[in-house]
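Peer 1: Sequence:
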Amino acid sequence: MKKRRVRFAPSPTGPLHMGGVRTALYNFLYAHQAGGDFILRIEDTDSTRFVPGAEEYIIEALRWCGIYPDEGVDAEGKVVETPSERHPYAPYRQSQRRGIYRKYAEELVEKGCAYYAFDTAEELASLRAAAEAEKRTFTYNQATRGSLRNSLTLPADEVARLLEESTAWTIRFKTPENTVIKMDDLIRGHIEVNSDTLDDKVLWKRADELPTYHLANVVDDHLMEITDVIRGEEWLPSLPLHYLLYDAFGWQDSRPNFAHLSLLLKPDGKGKLSKRDGDRLGFPVFPLKWVNAEGEVSRGYREDGYYPEAFINLLAMLGWNPGTEQELFSLDELVQAFSLDRVVKSGARFNPDKAKWFNQEYLRMRPTEALIADFRALNGEKVAAFSDAYIGQVLEMMKERAHFANELWDLTAFFFEAPQTYDEASVAKFWKDEVKEIIPKVREAVKAIEPFDKETIETALHDLITSNEWPMGKVMNTLRLFLVGVSKGPGIADMMAIFGKEETLRRIDVAIAKLG
RNA sequence: GGUGGGUUCGUAUAACGGUUAGUACUCGAGAUUUUCAUUCUCGCAAUAGGAGUUCGAUUCUCCUACCCACUACCA
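When we follow numbering that gives the first Met the number 0, the leftmost residue of the first sequence carries the number 0, and every step to the right adds one.
The reader is advised that the hints may include incorrect statements.
[Claimed, not checked] Under the rule of at most 27 Å between Cα atoms (straight-line distance), these lysine-lysine pairs were calculated in the DSSO-like manner:
#1 K271 - K344
#2 K435 - K500
#3 K355 - K428
#4 K353 - K288
#5 K288 - K355
#6 K204 - K274
#7 K446 - K428
#8 K446 - K288
#9 K453 - K440
#10 K353 - K398
#11 K381 - K435
#12 K487 - K473
#13 K269 - K344
#14 K381 - K353
#15 K431 - K446
#16 K513 - K440
#17 K473 - K500
#18 K381 - K440
#19 K2 - K77
#20 K381 - K274
#21 K513 - K446
#22 K134 - K77
#23 K381 - K513
#24 K204 - K265
#25 K431 - K344
#26 K428 - K440
[To be verified] Have a look at the derived ranges for each label pair, beta carbon to beta carbon:
#27 T47 - E133: 27 to 33 Å
#28 E84 - E233: 34 to 40 Å
#29 G270 - W356: 21 to 27 Å
#30 E232 - A33: 21 to 27 Å
#31 S338 - V290: 20 to 26 Å
#32 T178 - T119: 27 to 33 Å
Hints were generated in silico from the structure; no laboratory data involved.
Yeah, the Cβ is synthetic: ideal placement off N, Cα and C, and Gly gets one too.
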């Protein structure tokens, strides 16, 4: 059986949106499940929409996610420009392939499947405006092409002259009339469309010597021997054209399978997920931070503290399910479990709460050594003086309280810095005369505890308080207040054991001195 | 407007003609705890509407409504 070759073909017109990452992920999973190749191709045929840095962003984002192309990008994340053993179909950037498309467009003209069109952009714009004024839509198609300026209507010598003199012409597809196009989609099943509802799309533009998406896409998929095309739902309306193009070239036997993914929808209201929703609702819509030409900053999942494993996991579950109740999958497990027939047809509304939950799960599963490294990277100097063993104990105890590693400092600061102030409400509640007399006695008892470990401290404290019939809640909470500065945190004995006897006594003394 | 796609708890989804319509997130209640968190238990909550096919429709067909995409010399 032929090796599966699946491609992701983004356009570098801006940062890759999380929906785009999901498309890339599904392509990657589908390719690898069958032992096939995942190919990255850059579709930069629109010279007017080029955005500096966008291509690098796409490559870096995919690498962060662990989605490495088997073909199309080398180990350094650069687009390959010349063919090699590993990159036989190079180059993979369409702007570098511009030389190959014209002959395919002209082949179609020769076959009578396409024609030269000389209408200027302004002429077409005014035609559209005029139609709109009458509440109609102007369409360049079988009904109108006969009255427009093209090689179908103009005399041959005029066509030859214009081809020579003008640089404004295009090659348009000559959509066949009244033909039912029967298509199959791996996700949506059988679809039929009548060709009369289509328009004569531009295939190639003389002005910049570049093909449009449709031609470049079909030609490159054919040349690169792509077996499966998995792309966003926005392409479904042009699937008939693509089928027609494969037919016109005589490539129907090697036409790839198509699968159209539903869109990611905004968490509330109507419509697809957009950058604005992220700003408005406080979550990233891009994998990585992005700063546009105007200096506008868009936050990224990476910079927000998501683990890439969590990010791809949550993306995978947005529109796909394994058919079991398992929710947590590594990339490798996803490769094993993925299947296009379990991809959901309807649009998936993004849920920021669930996204956080995924990261929390990965934080909990994170090996302590890795978590220590995360913590040190985030907090540098503040924790440099502490040992891995100490930080490890602290994080083991506190990590269940966090969704993100960057929340850990606020949760654990008191393990690294003694409290400077004491929560006023708690002081008022617990620091009563009765307790003021007891605490010094507790301090003396603490001083005598040996060994100073959690169990010993726990029983010693408990026995001391109950045998003296002191109020358990007030005494313990006062102790906590002295150690932490606020009325929350882990068990008293747990903390004391980690602090050590010396630091514990010191904090009690400082608090007594400060509060009087 | 036209063409195509879609529609199960608030959200993501399961149930590929027969279930008390399941699970997760969120939310609520309770238990545990010296506090907070965790954990555990319980709970709230859905088949868009209408016809039809069938002994039986979440599931198949049609209609309506609503949502989405496309309708560029953009991808």
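Peer 1: Could you run down the list of hints and mark each one as holding or not?
Peer 2: The hints, checked one at a time:
A C-alpha spacing of about 15 Å is found between K271 and K344, which places the hinted pair at or below 27 Å, so the restraint holds. As the CA atoms of K435 and K500 are separated by approximately 21 Å, the hinted pair is consistent with the 27 Å bound. Pair hint K355 plus K428 does not hold up; C-alpha atoms about 35 Å apart against a cutoff of 27 Å. Of the supplied pair hints, the one linking K353 and K288 holds, its CA atoms being roughly 21 Å apart against a limit of 27 Å.
At roughly 18 Å between alpha-carbon atoms, K288 and K355 fall within 27 Å of each other, so this suggested pair holds. Note on K204 and K274: the hinted pairing is violated, with a Cα-Cα distance of about 31 Å set against a maximum of 27 Å. Taking the CA atoms of K446 and K428, the gap is near 26 Å; set against the 27 Å cutoff, the hint holds. The suggested pairing of K446 with K288 is violated, with an alpha-carbon distance near 51 Å, which exceeds 27 Å.
Taken as a hint, the K453 and K440 pair is honoured in the structure, with Cα atoms around 20 Å apart against an allowance of 27 Å. Between K353 and K398 the alpha-carbon distance is near 18 Å, which keeps this suggested pair within the 27 Å criterion. Between K381 and K435, the direct Cα distance comes to roughly 33 Å. Violation of the 27 Å bound is thereby established for this hinted pair. The straight-line distance between the Cα atoms of K487 and K473 is roughly 14 Å, inside the 27 Å bound, and the hint therefore holds.
This hinted pair checks out: K269 and K344 have alpha carbons roughly 17 Å apart, not beyond 27 Å. Taken as a hint, the K381 and K353 pair is broken in the structure, with Cα atoms around 32 Å apart against an allowance of 27 Å. Restraint check: the Cα-Cα separation between K431 and K446 comes to about 23 Å, which is no more than 27 Å; the hinted pair holds. Taking the CA atoms of K513 and K440, the gap is near 18 Å; set against the 27 Å cutoff, the hint holds.
With a C-alpha separation of about 21 Å, the suggested pairing of K473 with K500 holds against the 27 Å cut-off. Between the alpha carbons of K381 and K440 the distance comes to roughly 34 Å, so the proposed pair goes past 27 Å and is violated. For the hint linking K2 to K77, the alpha-carbon distance of about 25 Å falls within 27 Å, and the restraint holds. The suggested pairing of K381 with K274 is violated, with an alpha-carbon distance near 35 Å, which exceeds 27 Å.
Taken as a hint, the K513 and K446 pair is honoured in the structure, with Cα atoms around 20 Å apart against an allowance of 27 Å. As the CA atoms of K134 and K77 are separated by approximately 48 Å, the hinted pair breaks the 27 Å bound. Between K381 and K513 the alpha-carbon distance is near 24 Å, which keeps this suggested pair within the 27 Å criterion. Our distance criterion of 27 Å between C-alpha atoms is broken by K204 and K265, whose separation comes to about 36 Å.
With a C-alpha separation of about 64 Å, the suggested pairing of K431 with K344 is violated against the 27 Å cut-off. Pair hint K428 plus K440 holds up; C-alpha atoms about 20 Å apart against a cutoff of 27 Å. Between T47 and E133 the Cβ separation comes to about 30 Å, which falls inside the hinted range of 27 to 33 Å. Distance hint check: the CB atoms of E84 and E233 are about 35 Å apart, consistent with the given range 34 to 40 Å.
For the hinted restraint 21 to 27 Å between G270 and W356, the CB-CB distance of approximately 24 Å keeps it satisfied. Checked against the given bound of 21 to 27 Å, the beta carbons of E232 and A33, roughly 23 Å apart, stay inside it. Look at S338 against V290: about 38 Å separates their beta carbons, and that is not inside 20 to 26 Å. For T178 paired with T119, a C-beta distance near 30 Å keeps the hint of 27 to 33 Å intact.
The structure fails hints 3, 6, 8, 11, 14, 18, 20, 22, 24, 25, 31 (numbered hints given earlier, in ascending order).
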